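Enquirer: Chains as they are written, first to last, in my numbering: chain A, 24 to 187; chain B, 24 to 187.
No wet-lab data here; the hints were simulated from the structure. Errors might be hidden in some of the hints.
[What the hints assert, rightly or not] Cβ-Cβ distance ranges computed for the label pairs, FRET-style: (1) A/Arg167 - B/Arg97: 36 to 46 Å; (2) A/Pro170 - B/Asp178: 28 to 38 Å; (3) B/Glu157 - A/Pro170: 27 to 37 Å; (4) A/Gly156 - B/Glu102: 34 to 44 Å; (5) B/Gly173 - A/Arg162: 52 to 62 Å; (6) B/Arg131 - A/Ala93: 22 to 32 Å; (7) A/Thr72 - B/Arg97: 45 to 55 Å; (8) A/Pro170 - B/Pro170: 20 to 30 Å.
[Claimed, not checked] With a straight-line cut-off of 27 Å between C-alpha atoms, the simulated BS3-like cross-links for lysine-lysine are: (9) A/Lys91 - B/Lys182; (10) A/Lys108 - B/Lys182; (11) A/Lys108 - A/Lys182; (12) A/Lys82 - B/Lys30; (13) A/Lys182 - B/Lys30; (14) A/Lys82 - A/Lys30.
Bear in mind that the values here come from a model prediction, so they are computed numbers and not experimental data. Every residue gets a Cβ at the ideal spot worked out from N, C-alpha and C, and that includes glycine.
There are 2 protein chains.
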Amino acid sequence: MKWSELKREPCSLARTVSVIGDRWTLLILRDCFLRVRRFEEFQARLGITRHLLADRLRKLVRAGVLRKVAYQARPQRFEYRLTDKGLDLFPVVLAIVHWGDVHMAGRRGRPLIHEHRACGHAFDPVHACSVCGEAVAARDVRVRPGPGAGRRGRDLARKAAEAG
Amino acid sequence: MKWSELKREPCSLARTVSVIGDRWTLLILRDCFLRVRRFEEFQARLGITRHLLADRLRKLVRAGVLRKVAYQARPQRFEYRLTDKGLDLFPVVLAIVHWGDVHMAGRRGRPLIHEHRACGHAFDPVHACSVCGEAVAARDVRVRPGPGAGRRGRDLARKAAEAG
DNA sequence: TTGACAGGTTCCTTTTTAGAACTCAAGCTT
DNA sequence: AAGCTTGAGTTCTAAAAAGGAACCTGTCAA
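Given the sequences, and given the hints that come with them, work out the whole structure.
Expert: In structure tokens form, the structure reads like this:
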């Protein structure tokens, strides 16, 4: 399977992965959420080659995750900012960071602390059910095929249902 | 920066990405959560080359995300199962799937529906603050350096604080 | 003894990535 | 006005990773 085929798979994970499923893209997104916006700044922070950076930024703009905003004319210069679609990736980034905090932190502890402005406390993200509000873990979830399911999705959902 | 350096970065996202930040790995994990467990089954479903599949499974086992469990002796055969550390990746997978459901679904709608066993309803994942329980979005969060921060982390947190 | 099955490994080709140098346009400096 | 600097890239070559197909290894069953 190639990158280009991935976005046509009847699977929301595969389609998302076609946009962000690459190590540089995830690191670029991390920096976007930390308010890094300019080509040179990404390049200096990440140590990514300029070629790949240009490519990844282009792809993220095409995917509607970032937009190019001119911050000066003559010479025209742009910065890259998250769109609303891009901001919606925050839960993904937060979930990834949290797993790293729990399972990959060194003895000195976590590198960054997230503070919830509304309540003023350092927090961990909790993943809850939109209906009942309770926390949800892997074993609390059953899947079934939705309207956009392909054959493979139906097979899997059946299999998963059988397995319990 | 190379894969091998990534896991030593003082950043929980980078460290997590060193384990799961690759498109095949994410697709393999998706299937793990859908109860796919055997080499041949992964290979048939994903269309991944056998070479890469063997490599990725090996890496996931080394990272403690999967474990190899013998399901028969003579000839000895193994299956790959999520460890507790692997099950903890569920929020990551769910967040990725949800973004795809919202932003990448075709006109027919989402391919899979997630049902919360406890309350019996189809749900979307909501990302809440562990302290006050309210939903958390990107703009509700402030970051500051934690005990494991390096120089770069401190710089960024300062910058982010200045920017508001 | 031949074939099938599960789970890999080997070998070779094509694509990506890394790393460094180069371009280009517009200011700024002396 | 000649030369240096800055931001945002592009071009080049070498090295690494991925793709594809065939092969290997135990064990059982016909």
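Enquirer: Now tell me if each hint is right for this structure.
Expert: A quick look at each hint next to the structure:
With their beta carbons about 38 Å apart, A/Arg167 and B/Arg97 fall inside the hinted range of 36 to 46 Å. At about 47 Å, the beta-carbon gap between A/Pro170 and B/Asp178 misses the expected band of 28 to 38 Å. Between B/Glu157 and A/Pro170 the Cβ separation comes to about 31 Å, which falls inside the hinted range of 27 to 37 Å. Taking the beta carbon of each, A/Gly156 and B/Glu102 are about 36 Å apart, inside 34 to 44 Å as hinted.
The supplied range of 52 to 62 Å is broken by B/Gly173 and A/Arg162, whose beta-carbon atoms lie about 36 Å from each other. Between B/Arg131 and A/Ala93 the beta carbon distance is about 38 Å. The supplied range of 22 to 32 Å is therefore violated. Restraint check, A/Thr72 to B/Arg97: a C-beta distance of roughly 50 Å satisfies the suggested window 45 to 55 Å. The given range of 20 to 30 Å is broken by A/Pro170 and B/Pro170, whose C-beta atoms sit roughly 47 Å from each other.
Taking the CA atoms of A/Lys91 and B/Lys182, the gap is near 21 Å; set against the 27 Å cutoff, the hint holds. Distance hint between A/Lys108 and B/Lys182 is fulfilled; the C-alpha atoms sit about 24 Å from each other, no more than 27 Å. Annotation: proposed proximity of A/Lys108 to A/Lys182 is violated, straight-line Cα distance about 33 Å (limit 27 Å). A threshold of 27 Å between alpha carbons decides the hint, and for A/Lys82 with B/Lys30 the separation of about 25 Å falls inside it, so the pair holds.
Annotation: proposed proximity of A/Lys182 to B/Lys30 is violated, straight-line Cα distance about 35 Å (limit 27 Å). Taking the CA atoms of A/Lys82 and A/Lys30, the gap is near 13 Å; set against the 27 Å cutoff, the hint holds.
Checked against the numbered hints given earlier, the structure breaks hints 2, 5, 6, 8, 11 and 13 and satisfies all the rest.
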